[in-house]
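Engineer: Respectively, the protein sequence lines represent chains A and B.
Just so you know, we're using the numbering used here here: the first sequence kicks off at 309 and counts up by one.
Just so you know, we're using the numbering used here here: the second sequence kicks off at 40 and counts up by one.
Source of the hints: derived by calculation from the structure; they are not laboratory data.
Bear in mind that the values here come from a model prediction, so they are computed numbers and not experimental data.
Some hints here could point you the wrong way.
[To be verified] Partial selection, computed: residues in chain B whose CB lies under 10 Å from chain A:
hint, residue
1, Asn109
2, Gly130
3, Ser156
4, Pro163
5, Gln167
6, His178
7, Phe182
8, Glu199
9, Arg202
[To be verified] Stretch by stretch, here's where chain B covers chain A in the computed footprint (C-beta under 8 Å, at least three residues):
hint, region
10, 346 to 357
11, 389 to 400
12, 490 to 497
13, 500 to 512
14, 515 to 528
15, 606 to 615
16, 620 to 631
Note that beta-carbon positions come from the ideal geometry of N, C-alpha and C, so glycine has one too.
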Amino acid sequence: MRRDTVRGFLALTLIAVLGSIVGCGGGRSGSAENPPPPASNVQPITVNAGPAASLGSNFNSVNVAFTSVTICVPGSTTKCQTIDGILVDTGSTGFRVLSSALTLTLPQQTDSSNNPIAECLPFVSSTVWGSVRTADLTITGEAASSLPIQVIGDPNFPTIPSACTIFGPPQDDLASFGANGILGIGVFAQDCGGGCATSGASNPGLYYTCPSTGCVVTTESLAKQSQNPVILFAGDNNGSLIMLPSVSAPEATVSGSLIFGIGTRSNNGLGSATVLTVDPSSGNFSTTFNGQTFTDAGFIDAGSAAIFFLDSGTTGIPDCADAPFFYCPPSIIKNLKATNMGTNGANAPVSFDVDNGDSLLSNVNNSAIPNLGGPFSGDFDWGLPFFFGRTVFTAIEGKNTPGGTGPYQAY
Amino acid sequence: MYRRCADLCLKSEIWRIAGFAFLALALPFPAPASLGGDMTTVHADQMRMQGTLRSTNTQAYTVHEIQAPNGVAVREFVSPAGKVFGVAWQGTTHPDLRQVLGTYFDQFTQAVQAERSRHPGHGPLSIQTPGLVVQLGGHMRAFAGRAYVPQMMPTGVRAEEIR
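Isolated chain A, as found in the complex (with noise of 0.2 Å):
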């Protein structure tokens, strides 16, 4: 009897140890003694020559980070679709998908008097139109339910309003845009902000209002603004990073993590990394080079192909002669040196190397490019190159995290 008791207990034991083995590598549903995996943050990007890549060679993308993104009619788990080729923007706000790479029939976002809504969102140097529909937006574990997002180029809308092309030419399809749809995961929590909620001359009139009778702007509210996805989820929400390995040299294809959350699990801890916190209304923090600091003139982005700094006639270094927006010394410059200043009095301290964008991008093939530098004038864009060997942090504006309140970046 006693035996028995024994012999049970030890099988009891026995079953008791496999079924956790069990449970930890399958995913079993938890119980008090196992509570189930918090889903994963950790999504995968790849900086590769992307979509735009398969229209010809000469598509292929040079420094963009590349992820896939899932979206459904909200409330629906079957109509669903996912998007690769997501551009991954720190320096936008808000997801963007090309009408050409969307499947689903998503809905449209109307006014008060059921007009439908439609945006006209200036980047650097063109301009995306397209309607404000309404998704469910999931990647790795995290879900943004009842999320407005932009259809680029959406066929409803085949007319651009005329001061909508004030901002230079529209991006509307995988050749022009370079990627099937952007995630932009700035510092800020809507693309506009409180302009585009107030009517009269201070807004922008990025948001249109199109009854049968054209497009016209109109005020939009904050909550129905293009939203960053980050804050709508239900943990993780205050924030990002990105990691990816050193590159010395220009290479295919390189793999990093984006991470949501800053300091909510652990494995985004901002460990030794200097808070920046930027300008509330810029998102820019400043820049030390050579003696001389340019306020409210830095920024890190993720979305820009190079580190583009000052010009020409301030660096000494050459543009190169068939594309001008990169730099092209005689032979790599080593060791520059800047340092990035925060509004709370922080500094981080950067040294970079820029090499010649010719030699850099002789190979097509080749979308992962080092000390890959460019021009601009007066400012500090800190782009994909400086994110190589890096963990650069992005705060949203208003979110706790324990470096503090947002908006900041941190490297």
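Since chain A is already given, all that's left is putting chain B on it; use the hints.
Structural biologist: Frame of chain A, contents of chain B only:
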């Protein structure tokens, strides 16, 4: 209240203090039009942008700076001969580039499309043609740019001054 960059807010503070003096200086002068143009009336541009104006003189040129309530500032550089040889801007969006670049707008648009078709992507852009230089940069809510016509630059003026 609508948010603008600290730099612009600081400038508007300065103008609030000195605005009347600047305005008194500026109003009697003819005003800038768009790049490459002759000077026309100050009121056209200013009213179009619904902005405030500040004008400053250097030895080589006059800068007319218009601050619009939507957070966009445009600076137009006028030579002693009365020609707009350069424009620079910064703000929450780009300004009306069709207005600012004037007759150069179509050339600008074609050059952007040509460069983007050779190098698709995002980030700052420089256009350098013999008759037109345009540089654009920034990010959402903080854009900056400048354009100038090299042949129209007054002697001794450096391109870096146009900002």
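Engineer: Compare the structure with each hint and give your call.
Structural biologist: Each hint tested on the structure:
1. The closest approach between the C-beta of Asn109 (chain B) and any C-beta of chain A is roughly 5 Å, which is under the 10 Å cut-off, so the hint is satisfied.
2. Interface restraint check: Gly130 (chain B) against chain A, minimum CB-CB distance 8 Å, threshold 10 Å, status holds.
3. Satisfaction of the interface hint for Ser156 (chain B) is found here, the shortest Cβ-Cβ separation to chain A being roughly 7 Å, below the 10 Å cut-off.
4. Against a cut-off of 10 Å between C-beta atoms, the interface hint on Pro163 (chain B) holds, since the closest Cβ of chain A lies about 4 Å away.
5. At its closest, the beta carbon of Gln167 (chain B) sits 4 Å from a beta carbon of chain A; the interface hint therefore holds under the 10 Å criterion.
6. Restraint check, His178 (chain B) versus chain A: the minimum CB separation of about 4 Å is within 10 Å; hint holds.
7. Annotation: Phe182 (chain B) was flagged as interfacial toward chain A, and the flag holds, the nearest CB pair being 7 Å apart, inside 10 Å.
8. Here the hint on Glu199 (chain B) is kept, as its CB sits about 5 Å from the closest CB of chain A, short of 10 Å.
9. With a least beta-carbon distance of about 5 Å to chain A, the hint placing Arg202 (chain B) at the interface is held under the 10 Å criterion.
10. Given as covered by chain B, the region 346 to 357 of chain A fails the check, having 0 residues with a CB less than 8 Å from a CB of that chain where 3 are the minimum.
11. With 4 residues having a Cβ less than 8 Å from any Cβ of chain B, the region 389 to 400 of chain A passes the three-residue criterion, so the hint holds.
12. With a cut-off of 8 Å between beta carbons, the region 490 to 497 of chain A has 3 residues touching chain B; three or more are needed, and the interface restraint holds.
13. Coverage of the region 500 to 512 of chain A by chain B holds [criterion: at least 3 residues with CB-CB distance below 8 Å; count 10].
14. Taking a C-beta to C-beta cut-off of 8 Å, the region 515 to 528 of chain A contributes 0 residues in contact with chain B, too few for the three needed, and the coverage statement is violated.
15. With 6 residues having a beta carbon nearer than 8 Å to a beta carbon of chain B, the region 606 to 615 of chain A meets the requirement of three or more and the stated coverage holds.
16. Counting residues of the region 620 to 631 of chain A whose C-beta sits closer than 8 Å to any C-beta of chain B gives 4, which meets the bar of three, so the coverage hint holds.
Of the hints listed earlier, those the structure fails to meet are numbers 10 and 14, in rising order.
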